[in-house]
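K.L.:
What follows is each chain in one-letter form.
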Amino acid sequence: MKKLDYTTIFFAIMGSFLVLFILIPILNLMVSSNIGAISANLQDPQVISSLFVSVYSALIATLIAILFGVPLAYILARHDFFGKGLVESIIDIPIVIPHTVSGIALLLVFTSGGIIGAPLSKLGIVFTNAIPGIIIAMLFVSSSFVVNSAREGFESVDPRMEKVAHTLGSGTLRTFFVISLPLALRSIIVGAILCWARAISEFGAIIILAFYPLAASTLIYERFVQFGLSDSTPVAIILISICLALFFVVRLILKGWRTYDKN
Amino acid sequence: MIKIENLSKDWKEFKINDISLEINENDYFIFLGPSGSGKTMLLELIAGMWYPDSGKIFMGNREVTRLPPEKRGVGFVYQNYMLFPHKTVFENIAFGLNIRKVGKKEIQTKVDEIMNLFGISHLANRLPRTLSGGEQQRTALARALIIRPQVLLMDEPLSALDRITREDLIQEFKKIHKEFNITIIHVTHNFDEALQLADRIAIIKKGTVSQVGTTDEVFRHPKDEFVADFVGSENIIKGIATDGKDSLTKVDTGNIIIESTDSKVGKVHATIRPEDITLSTHVITTSARNEFKGHVTEIYDLGTIIKLTVDVGEILVLVLTRQSFMDLNLNIGKEVYITFKATAVSLF
Chain A
39 MKKLDYTTIF FAIMGSFLVL FILIPILNLM VSSNIGAISA NLQDPQVISS LFVSVYSALI
99 ATLIAILFGV PLAYILARHD FFGKGLVESI IDIPIVIPHT VSGIALLLVF TSGGIIGAPL
159 SKLGIVFTNA IPGIIIAMLF VSSSFVVNSA REGFESVDPR MEKVAHTLGS GTLRTFFVIS
219 LPLALRSIIV GAILCWARAI SEFGAIIILA FYPLAASTLI YERFVQFGLS DSTPVAIILI
279 SICLALFFVV RLILKGWRTY DKN
Chain B
7 MIKIENLSKD WKEFKINDIS LEINENDYFI FLGPSGSGKT MLLELIAGMW YPDSGKIFMG
67 NREVTRLPPE KRGVGFVYQN YMLFPHKTVF ENIAFGLNIR KVGKKEIQTK VDEIMNLFGI
127 SHLANRLPRT LSGGEQQRTA LARALIIRPQ VLLMDEPLSA LDRITREDLI QEFKKIHKEF
187 NITIIHVTHN FDEALQLADR IAIIKKGTVS QVGTTDEVFR HPKDEFVADF VGSENIIKGI
247 ATDGKDSLTK VDTGNIIIES TDSKVGKVHA TIRPEDITLS THVITTSARN EFKGHVTEIY
307 DLGTIIKLTV DVGEILVLVL TRQSFMDLNL NIGKEVYITF KATAVSLF
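Just so you know, the protein sequences line up as chains A and B, in that order.
Adding 38 to a residue's 1-based position in the first sequence gives its number in my numbering.
Adding 6 to a residue's 1-based position in the second sequence gives its number in my numbering.
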């Protein structure tokens, strides 16, 4: 076994601070309510419907992020072009601005008088205080996970492999679907699950755009403000369990997916 | 036949500068040049992976300059094989046939046949990452050849392999060239590969062609110092050339006079390949025009061959087999006679 020197021991002690700082509140939360309260909440239609709103909206937001994010990721991975840095920065902006600010920015555009909201409201699509509002709030703050992860996936596929496929008679679109996409799929799925988990946990942008119908995070906030800790904790536990389950799925995929890397 | 006319392409640090070339049908053609000379880009331009900034490419009588790679009928093999890592050996080889919507039975027959030819049938269900370099390269060759391309392009196909596998594959390439009746363009920086395989060679330097010719022409008569250096003639001597008798050229190096069959006048470089020089310990009368007396200055043991330098007024490098080195009982300072023919001296 490697001999432990003082530096390593010191750094390990310093490093464990953050680990414990994150772990203790989460573990404490998990045990701070009783099974009875949790199961009662699981039968509460308001809780169930808010969970449904969260999971369902996050799923839709993730699918939209994949549909538009994967082509963008492929372009970013394969091409150098003027303004590429700008495009990359734009994709990352939602990570660095406060989510309430994101909510206000979205609201201004998607309200029924906004530049995008007005034409769409004529088609019957309303965003404020409606599921579509929750979806765009989630999409805004979490799509970069899909783009960045998918891009990494495509970058790991040697472009020469695509070139060989071309010489064998496969056109560019076909090569994308039979070579590049399958090889980047692991990264895309990981990005999508991170995107989904991040979307489920979104709160700031959602309450500004669509307080109702209640998403799970909004419900926790509402119960906390109205009834205090004891009423909000069980819902919090249910939500965190869903997020952690997704998180573990990501880790499992990362570990178990057959990698094709060079030996 | 492949014809390249005034081809230019400038991309990042790679450059192809006004290259014109003709490659005959069924030639084994080698692009030889140091790394960074643009030879891979030239190959990829022929394959259609890039479009040139200017110039034209013809295959047969068809202009293909703007044709995408999938319409050119070329096979391509990379140094790192570029097998599809998520597909088995069988699926890799079948790829081109699947694209062409060939029937399942026919695919099975054809893939079996070509796997047999390359001796890789037992690997059919393996994934590429479990294969050795040589096995991967054979799979890559089978994958490229199964669609019966008119031209096979290979980019440093032997560089990543050990010496024994390389020798095996060189024989394989010769076999392919014969059996498939195919034009091969092979890019390498290794002139031994070129010597063993090429019908014709183009020396590529900084995105231009320095010299094109048969293997013999290029190796025996390098056109300039770059080619001579690159193909490995180690005897390059400067001198002044004048017309001599019997239509020979006399080259005065300042120290010795060398006769050559090349005709040139004025300042020249003379090259003599080390293996064209014979050495003896006594004067021997031969038809060779160039005979000099000198002494051994250095001896390098290269294993099966011995490299010597001999000072005859100019320092010349020559090689001997280990056996003749022993027989001649040579040591440093020993007086020796060297001879070489006037035809062995090329001037540029």
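Honestly, the hints are just simulated from the structure, not real lab data.
C-beta atoms are modelled at their ideal positions from N, C-alpha and C, and glycine is treated no differently.
Just to be clear, a hint being listed does not mean it is correct.
Said to hold, decoys possible - From the structure, some residues in chain A lie toward chain B, with a derived Cβ separation under 8 Å: (1) THR149; (2) GLY151; (3) ILE217.
As the list claims (entries may be wrong) - Using 25 Å as the maximum straight-line C-alpha spacing, the simulated PhoX-like pairs for lysine-lysine come out as follows: (4) LYS293(A) to LYS229(B); (5) LYS201(A) to LYS340(B); (6) LYS201(A) to LYS299(B); (7) LYS201(A) to LYS273(B); (8) LYS201(A) to LYS107(B); (9) LYS122(A) to LYS18(B); (10) LYS201(A) to LYS77(B); (11) LYS201(A) to LYS9(B); (12) LYS77(B) to LYS122(A); (13) LYS62(B) to LYS201(A); (14) LYS201(A) to LYS116(B).
Said to hold, decoys possible - Now the stretches of chain B that chain A is said to cover, found in silico as 3 or more residues with beta-carbon under 8 Å: (15) 49 to 55; (16) 71 to 80; (17) 90 to 96; (18) 99 to 109; (19) 147 to 154.
K.L.:
So, for every hint listed, does it hold in this structure?
P.N.:
Status of the hints after comparison with the structure:
Checking THR149(A) against chain B by beta carbon gives a least distance of about 47 Å; that is not within 8 Å, so the hint is violated. Given hint, GLY151(A) at the interface with chain B, is violated; its Cβ is 49 Å from that chain's nearest Cβ, farther than 8 Å. Because the beta carbon of ILE217(A) sits about 6 Å from the nearest beta carbon in chain B, less than 8 Å, this interface hint is met. Taking the CA atoms of LYS293(A) and LYS229(B), the gap is near 58 Å; set against the 25 Å cutoff, the hint is violated.
The suggested pairing of LYS201(A) with LYS340(B) is violated, with an alpha-carbon distance near 59 Å, which exceeds 25 Å. For the suggested pair LYS201(A) and LYS299(B), the alpha carbons sit about 58 Å apart, so the restraint of at most 25 Å is broken. For the suggested pair LYS201(A) and LYS273(B), the alpha carbons sit about 48 Å apart, so the restraint of at most 25 Å is broken. With a C-alpha separation of about 20 Å, the suggested pair LYS201(A) and LYS107(B) falls inside the 25 Å cut-off, and the hint holds.
Taken as a hint, the LYS122(A) and LYS18(B) pair is honoured in the structure, with Cα atoms around 17 Å apart against an allowance of 25 Å. Annotation: proposed proximity of LYS201(A) to LYS77(B) holds, straight-line Cα distance about 13 Å (limit 25 Å). A threshold of 25 Å between alpha carbons decides the hint, and for LYS201(A) with LYS9(B) the separation of about 22 Å falls inside it, so the pair holds. With a C-alpha separation of about 31 Å, the suggested pairing of LYS77(B) with LYS122(A) is violated against the 25 Å cut-off.
This hinted pair checks out: LYS62(B) and LYS201(A) have alpha carbons roughly 21 Å apart, not beyond 25 Å. Among the hinted pairs, LYS201(A) with LYS116(B) is consistent with the structure: their alpha-carbon atoms are about 23 Å apart, no more than 25 Å. For the region 49 to 55 of chain B, the stated coverage by chain A holds: 4 residues have a C-beta nearer than 8 Å to a C-beta of that chain, and at least 3 were required. Requiring three or more residues with a Cβ within less than 8 Å of a Cβ of chain A, the coverage given for the region 71 to 80 of chain B holds, as 5 such residues are present.
Look at the region 90 to 96 of chain B against chain A: 3 of its residues bring a Cβ nearer than 8 Å to a Cβ of that chain, three or more, so the hint holds. Counting residues of the region 99 to 109 of chain B whose CB falls under 8 Å from any CB of chain A gives 4; the rule of at least 3 is met. With a threshold of 8 Å between beta carbons, the proposed coverage of the region 147 to 154 of chain B by chain A holds, since 3 of its residues qualify and at least three are required.
Violated hints, listed in ascending order, are 1, 2, 4, 5, 6, 7, 12; each of the other numbered hints is respected by the structure.
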